[in-house]
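Trainee: As you go down the protein sequences, you meet chains S and C in turn.
Under UniProt numbering, the first sequence has 62 at position 62, and the numbering climbs by one with no breaks.
Under UniProt numbering, the second sequence has 208 at position 208, and the numbering climbs by one with no breaks.
One should not assume that every hint holds.
DEER-style ranges, computed between Cβ atoms [unchecked claim]:
1) C:E182 with S:E19: 25 to 35 Å
2) S:E19 with C:D93: 34 to 44 Å
3) C:D274 with S:P66: 39 to 49 Å
4) S:P66 with C:G96: 36 to 46 Å
5) S:P67 with C:A498: 49 to 59 Å
6) S:P67 with C:K494: 24 to 34 Å
7) S:P66 with C:A403: 13 to 23 Å
8) S:P67 with C:A110: 13 to 23 Å
The hints are simulated quantities; they were obtained by calculation from the structure and are not laboratory data.
Cβ atoms here follow ideal geometry from the backbone N, Cα and C, with glycine treated the same way.
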Amino acid sequence: MPFTFTKNTVTAKETCTVEDALPLLEFLQSHPHAKINLGPCDHLHTAILQVLLAARPQITQMPGDPPLAHWLTQTLGSPARKTAK
Amino acid sequence: MSTPLLDRFVSEARDLLQLAASGLLVLERNPADEAAINDVFRSVHTLKGSAGLFDFPAFTKLVHAGEDVLSAVRDGRLGLTSELVDTLLDTLDQTGAWIDAIASDGVLPAGADGLSKEMTAALRALLPGDFGTPEAEAPIAQTGDLVELDWLAGLPEQDRLAAFSAAVGGAGLLAIEYVPLEDCFFSGEDPFALLRQVTPLHSLSIEAGEPWPEIDNLDPYRCVLRFRALTTAPRADIEALFRYVVEQVRVAAVPPPALISVGGDRHEGPVYGDFVDDARRLIVAGDWPAFRQAIGALRQFTAPTLRVGSALRWLEVVLAAPDPVPGWLSGLVDCIADGDADLVLPAASGPAPATVSAVAPVPPPIPSSPGRTGLGTISPMAIRILESQRTLLGLPLPPGGLAARLDSVARTVANLLVAEARRATDSALWSAAVDAAMAQDGVAPVVEILDQWLTPDGMSAADAMPTPGDQTRRRAETGDHPGGEVKQASRVLKVDQAKVDALMTLIGELVVSKNSLPFLARRAEQVHGSREMSREIKDLHAVIDRLAQEMQTAIMAVRMLPVSEMFDRFPRLVRDVARKLGKRIDLSIEGADTEADKNIIEALGDPLLHIVRNAIDHGIETPDLREAAGKSPQATILLRAFQESDQVIIEVLDDGRGIDPEKIKASALKKGVIDENCAARLTDQEAVNLVFTPGFSTAAKVSDLSGRGVGMDVVVTGVEKTGGSVAITSVKGRGTTVRLSLPLSMAVTRVMVVEAGGGMLFGIPMEHIAETVRVHRGAVRRFKQAEAFVLRDAIVPLIRLEVLLGMPSSVWIGDGSEEDAVLVVRVGGNLIGLLVDHFREGMDIILKPFDGILSGIRGYSGSALLGDGRVLLVLNLKELL
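Produce the complete structure using the sequences and hints provided.
Mentor: In structure tokens form, the structure reads like this:
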């Protein structure tokens, strides 16, 4: 399970596969103000990306892989700006 | 991850690969063999089809590339050279290796994707120029100009700048629009991952195709995203990458100026007036270094968020190009001057890069027909191509562009006609129409003939019905052969070997029970005194005996395999090794349908491999040496199998240089395998046999020698394990024959039963036994601990079986006139006398190797049940002595 769910935050690790989309969605549904840390994550499956796009949780950290972080920032907005809000 | 389906795929794939490989070898000898190319093509095609059932994209891609190459060969567009055969065989080998990986792990090994890509590229590079990446090209070309490019301006400026500088640097810029199917997650696709593989990826925008529902109503498994990307990767790479989702992807070439757009906050005009004037002057003068400096200076005090900042950045990038386009520059400068106006770029001013012209239709599609259904018919793919040509002709034309477009269409269709093997009249018709069109400077005649062909009965074949949509294309791609499947369901049953083995065991037990009937008969007679009863039991025994034997024969026949199973890999091996060593060898095989037990066939593979390799490596001379020796430059290796009484004989004959006994002797002396006395006494044949000595073959550099030697002891060990023997004969300068004699079946072992250690029974395999003698006790000589006796003038060491097995030895009481039973056995070429208590009968037994905790015990080859219920231990003399 690449996701670690704690009280109000999710940490994504390594490769998040399509099977992980549903648990993530369920968590985000029950925690509308959840934060997500993508720092240790190498790849997000499109389905995960879709959940993030729809739910728009606050992202605390972008992945370490620069290209991935770049495309995700463009798609989901930068984590810094979100925290500033 | 092992499913019955996967298992079946694996076993089928192995067969298909074997079939394809042997077909290729036939083809190499005779490239015109149509049946062979069809066989190879069909095997590879079927393999591709079955592989498609599983998620092995790397595998499927590679096989597909192979299929395309074979298709080109079949259509005569590609000549079959030895190099091509090498490449194809390599491909088959790789595929075979993957199949092994799939069989053991259920997945492809790591790195398979990269390897597949390399090999696929290598294969595709072999294809003739007019045969590109087929089915990817056609649909993209057809829809290429339909890509809306207005989203480009919405991309982040940073990305556009990066893409632009890459594009003016000379690389073609492609826009990709990828709208995955809603259910694509269920087919294991990950569009995001796919796009991340695009390199270089200059821009990626991900949007939802529809407004997001409430989070509680979101279906995470329905893909609604839309991807747009910019790349300077070669088109072929993109096509390869998106090969499996090609229907969902649009690709279009993007002219670099389409990326230029200026955005940002408005600014006040006058400040930049001086710059604008300067800039216009510099553009006219073409003084780029000065212009660059001016821009740099202005950027220093321009806020990056302003429109001007954006325009300046663009100016810098445009200027960075090797050959800046003045039109784009003045457009940008105008934009700064105006401060408010939208950017207007002159469409085709100055020496614009070639990609600009590609904004309208993408280069004409290329004819191809991987799914063609046969000669004289036209494939759905060809129809698609014709349709796209027709559409292309209908598009509006830039002035003066007619000739170029007509030319490309003409060539495409002409190639297509050739590829589809259309009648010559069709080709003639077409070139006439093209000439007419050229003459009257209009496309009408060409369009007319295309329309005529595209109507269902325009093409002569019945299956030329153009079916619109993707199904057609997909069918063409997978190339269904509805009839093929049915034919394959032959009357052959594939059975797990374990089931046959279980049957074998049961029959073995039946034989054992049957063997107890004679005991019963004896008891009836001796204990109960009923001779009649005894005779009846004996009659019954005879019947059961016959049935059991027939059953045994029948089940043996099930286990029998033709030696071709083993021979089949040699044509390939001989060819490869011979090519590597620069020798010319003709391999012929005789008696490939001779049958032997499966275990024997399997155990024999490696020994035979060694023998054949030795023959090629050491036995066969290079062509010039052969010619010098007065032989034909083409050497012959003959693999021959036949049955001789209850043995299978396999012979490997070569007409190479043979073995020189003198050299063998000299070499053996040097290695200390024999001493000088011994060497002097050796006959030539004995010298040749020295190659079997273990010490001899493991010695370094034996291969320098004219004869064989490498690994011959491996051969002997392997063959003896199956209960067979090896003999080698050689005539110097004329060739060598290696002869393997093997038992027909390993299931039944013939042993001699002896008694030792006070009534215990032991079985000794018959093949070791030389003779049985009775030795006078007085004739046994003692040398310290060792005993020996003289048998026909030879000294034979004597070993007491009970001592050997660590049993309490019986005390010898009496005089020296008594005789002992000695079994003379031959182990590794030496005679040894085994002293036993009594000889008993010889019998056929079903040998059961030890298993479980007993399997570690050495000295025994296994056990067998006797008719009276006792267990017979069968000795493994090689291990014991």
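Trainee: Indicate, hint by hint, whether the structure satisfies it.
Mentor: Evaluated hints:
1. C:E182 with S:E19: 25 to 35 Å: Violated, since C:E182 and S:E19 (Cβ atoms, about 18 Å apart) do not stay within the stated range.
2. S:E19 with C:D93: 34 to 44 Å: holds (35 Å)
3. C:D274 with S:P66: 39 to 49 Å: The hint (39 to 49 Å, Cβ to Cβ) holds, given that C:D274 and S:P66 are roughly 40 Å apart.
4. S:P66 with C:G96: 36 to 46 Å: About 40 Å separates the Cβ atoms of S:P66 and C:G96, which means 36 to 46 Å holds.
5. S:P67 with C:A498: 49 to 59 Å: Holds - the Cβ-Cβ distance for S:P67 and C:A498, about 52 Å, lies within 49 to 59 Å.
6. S:P67 with C:K494: 24 to 34 Å: violated (49 Å)
7. S:P66 with C:A403: 13 to 23 Å: violated (49 Å)
8. S:P67 with C:A110: 13 to 23 Å: holds (22 Å)
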